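Given only the sequences and the hints, what does the whole structure look like? Please build it.
Here the protein sequences line up with chains A and B, keeping their order. Throughout, the numbering used here is defined as the position within the first sequence, counted from one, plus 188. Throughout, the numbering used here is defined as the position within the second sequence, counted from one, plus 1434.
Some hints here could point you the wrong way.
[What the hints assert, rightly or not] Below, computed lysine-lysine pairings styled on PhoX-like, alpha-carbon distance capped at 25 Å:
#1 A/K200 x B/K1517
#2 B/K1581 x A/K280
#3 A/K253 x B/K1517
#4 A/K253 x B/K1442
#5 A/K278 x B/K1456
#6 A/K280 x A/K297
#7 A/K280 x B/K1442
#8 A/K200 x B/K1605
#9 A/K297 x A/K278
#10 A/K278 x B/K1604
#11 B/K1442 x A/K296
#12 B/K1442 x A/K295
#13 A/K278 x B/K1442
#14 A/K335 x B/K1605
#15 A/K335 x A/K295
#16 A/K308 x B/K1456
#17 B/K1604 x A/K200
#18 A/K278 x A/K295
#19 B/K1605 x A/K312
#20 A/K312 x B/K1517
#21 B/K1517 x A/K335
#22 A/K351 x A/K295
None of these hints come from the bench; they were simulated from the model. Note that the coordinates shown come from a computational prediction; the quantities given were computed from them, not determined experimentally.
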Amino acid sequence: MINISNLNFGYKKKNLLFNNLNLVLTPGNIYGLLGKNGAGKTTLLKLISGLLYPQTGVCTIDGEKTAGRDPDLLREIFFLPEISFLPPVKIKEYLEIYSPFYPRFDKKKFYEYMKKLEIKANGKITNLSYGQRKKFSIAFALAAETKLILLDEPTNGLDIPAKSVFRKLVASSISEEKLFVISTHQVRDMKHLIDPIIILDNGEVIFNRQISEIEQKLSLTLQREEPDKDEILYYENTLGGYAVLSKNNDGEDNDIDTELLFNAVVDKSEKVRALFNAEVNI
Amino acid sequence: MKNQFNLKRFWQTLFRELAFNKTNILIMLASLTFLNLLLNYITQRPYLSKANWLNADISVIALIYCMVIISSSFAELNTADRKIDFLMLPSSILEKYLVKFIYTTVGLILLSYVALSLAAVIVELYRYLFPGAGLFKSMLHSYSNFKFDRYLQNYFSLHSIFFFGAIYFKKLELGKTFIAAIGIFAALNIYLSLISLLPFFENVNTPLEILNIPLQINVNAVLSIQSMRKIAAVNNNVREIVFIIMLYVLPVFLWALSFIRLQENEVADGV
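Have a look at this one:
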């Protein structure tokens, strides 16, 4: 379990990005970390992985401070940055070099993932294209079988079939002991994968809810006429009408567009919060 | 400081270092052998035989070459993606430090020795196959006279300086370390020379402060021959002290400082 408590962090001491941040992430989930550019998504991943140190407050994984950078803790974390470094060696050599660092690394699974992502496992890494490198890194990250997997924009550079394969692989990799945190702008690529959804804005967690809860409390409708702003949460123009996000009055689950939800949360933050908090109190 | 060293993890980290550098090692070996041969060829030319500066000990080439390599030994800390890879590697900072240290000491010393041996073998083979061609002079003499202990002393002194520079500076590590080292030693030299002069000025007239040492120097003071001899003796002592510091104290100090600096690098903003 990741526990972030009273965390303050800023790249400049006087200009804090995170001010008294509190967040608890539990295993068995694939958290989707959403936010605008500069909201602090990558910084949060780096703080969780121990690459950055909080100025005050703590970030712990199973009770151990990530800032301690204990090698045994590092063996349980795989952080895949948006652009990852891959050395100029053969894929098999890379496995020989890096896999011993991860005690539960599963070579069989790695080759299986590589096959599913349509990457030949016998070439040099330098001969791979950007997208292929990304696929290779994803296959390695998943095969490492670490308890915590942090993925920063994992679908950037992936072709359309690979995005679908990625979703399937991640969904099949999750277990009760594992925890995924996926930071992304490509919310549509993560449909039916990320749950709960965390939205960051200006270094603050403005939304942290499970999909089931969101679908229970919000309703998405498409209508031809412009809706009355007072009766809804948020709306956007779409082809031939309006996509409207409003309170789910009948309580029936419905499929929520994550992009619309994100825009609603960022644009009408107080309204969305009020709705969710009121519902929680009931 | 718990869990700082584990032999298995250390070997894994060392294996990573060697695997990453295997092409570099081959390039280094080839180029260092070539440099040894080139120096041998140049010093063999009749028109250059009197150029004393060319007759430098062959170990100097290896020494300079190794310092260039050492300066870039922490290059992976200077780019964001490589830094993440280095820092997220599940081994302790002590293990990572030791791996770099061993690679740039034992590894490079072995490499220079192998390159020197290889050059000597090539030269001897050439001289055997083409007797009288005169392109190369035999390297056996310099090879057998190779003062390994002295080489090691010089190597470790310079290693500590350039190793620290490699961690401390983020760009142009070699040049910056070289300039900083020259500057520091020049300042140290002036400082120590002034200290050695202090006891011999008797007539106190002019107050002067250099490097925070309050000096009272009479600019018109005439030093006796006896005093000058004493100065020379003290200067020699000072030089010996500097020499001991350079050979034994400075390396240990800078290696420790390098480790501390590497630990600090983990906390650097903007990984």
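What are the numbers of the hints that this structure violates, sorted from low to high? 2, 10, 14, 19
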